[in-house]
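Heads up: the sequence lines are chains A and B, in that order. Quick note on my numbering: the first sequence kicks off at 1393 and runs consecutively. Quick note on my numbering: the second sequence kicks off at 233 and runs consecutively.
Just so you know, these hints were derived from the structure itself, not from any lab. Zero decoy hints are in this set.
Once the Cα atoms are required to be at most 30 Å apart in a straight line, the calculated BS3-like pairs of lysine-lysine come out as: (1) B:K351 <-> A:K1466; (2) A:K1577 <-> B:K355; (3) B:K368 <-> A:K1577.
A few chain A residues that face chain B, going by a derived Cβ cut-off under 10 Å, partial list only: (4) S1412; (5) S1437; (6) H1438; (7) W1468; (8) Y1469; (9) H1471; (10) T1510; (11) T1543; (12) D1545; (13) R1600.
Yeah, the Cβ is synthetic: ideal placement off N, Cα and C, and Gly gets one too.
Chain residues, written in single-letter form:
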Amino acid sequence: MWTGVLGILLSASAFARPVSYTGGWTLIQTANRASTAGLLHYSVSHKVSVGVRHEWQRDDDVTLTVIQPTWLAKRWYGHNYQANVYLTGGLGTATDRSVAGLGSDTASFVGVMTDWETRTLFVSYEARFLEQGKLGNHSMHAARVGWAPYTGDTGELHTWLMLEVDHRKHFDNKTTVTPLLRFFKGPALFEAGYNITDSAPMFNFTYRF
Amino acid sequence: MKKILLVLTVTLTSLPVLADDNQKIMDHHDPHEMNHGDMNRGEMNHDEMDHGEMNHGPEHNHGSHEHPTENAKEDVMTMSVPAITTTDDISAALANGGAPVVVDVLGVVCDFCAVAMNKIFGKREEVSALYVDLDKKTLSLVVNKGASLSDQDIENLAKRAGYRIAAIRRDAEALGG
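Next comes chain A alone, as it looks inside the complex (with noise of 0.2 Å):
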């Protein structure tokens, strides 16, 4: 129970910025239908990140530890918005922990996230391809549309609608829905909602320090 319940406060996803400002480091944790993970990271300029991301594949009990750099590749700046492409990518090492026991194996993942942004519409997409040797190969897509029924102004509560399509070939359910709510207040951001095609649900929190 205990592991599921780090699993769940562990857990990474791309939809929280990956790279900060310079010096600054970041916590980023997400639980879904798939996956928890946890990456933390360090933003050594303002366009590259580097961090340690541990994540555990609950379906194949599965779990990746890997060194994750990430690039912003490009932003946007407007006055009303912005908008980013990230690249990633991670290298470590993938263990399987279930009855099977195939052991361990080098794992390496690459990745793309973009994402475009005003203050009451949001929309992104990010896609990860995931190699793990003999502990097989996956790979993902999810796409993310929000809206934010009222404009918070600096350190008051930002709160945002969001809608998730994903896509991953390997799950018996390989596209489905999550309608879920995001809070965001100062350097806090913290996501629940509910896969309704899985019946699963999701939490998400990012923390800038």
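Model the placement of chain B on the given structure of chain A, informed by the hints.
Just chain B now, kept in the frame of chain A:
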């Protein structure tokens, strides 16, 4: 996968909502005819700026180049620019003789943006108070009496935070005068 990344990159760079804004920036001015008053233009990247609501100063010569949508631009040019946002800290810093600065920031849409600029600018000894106003999309600064923070410094600090600046106003102009 390479194909996916390539298609994604091409698609993003050609999105109308992004392309329109960048086009507007490029169309607006010949950089050699610009006069931004006191602004330090040394290394500012005008290709990434949204000039839509910039204050071009009294010396800006609108007769020397074409404005395709002159009426619309006049509306923008005559609208007032945001003054400094006063908080308790900023009021106290101004009362102590600090110099007010207002920076129009591009891409400020969320509290993470405010956190980033607070962290970066807040570390500077020259800065006695600051506030990121998401509504006005401005960074309000008070520079300590006797200290200086050049436009280039401000631009560099904003870049370290991950953002770009569109304009800088100081002293009476920053106070809305």
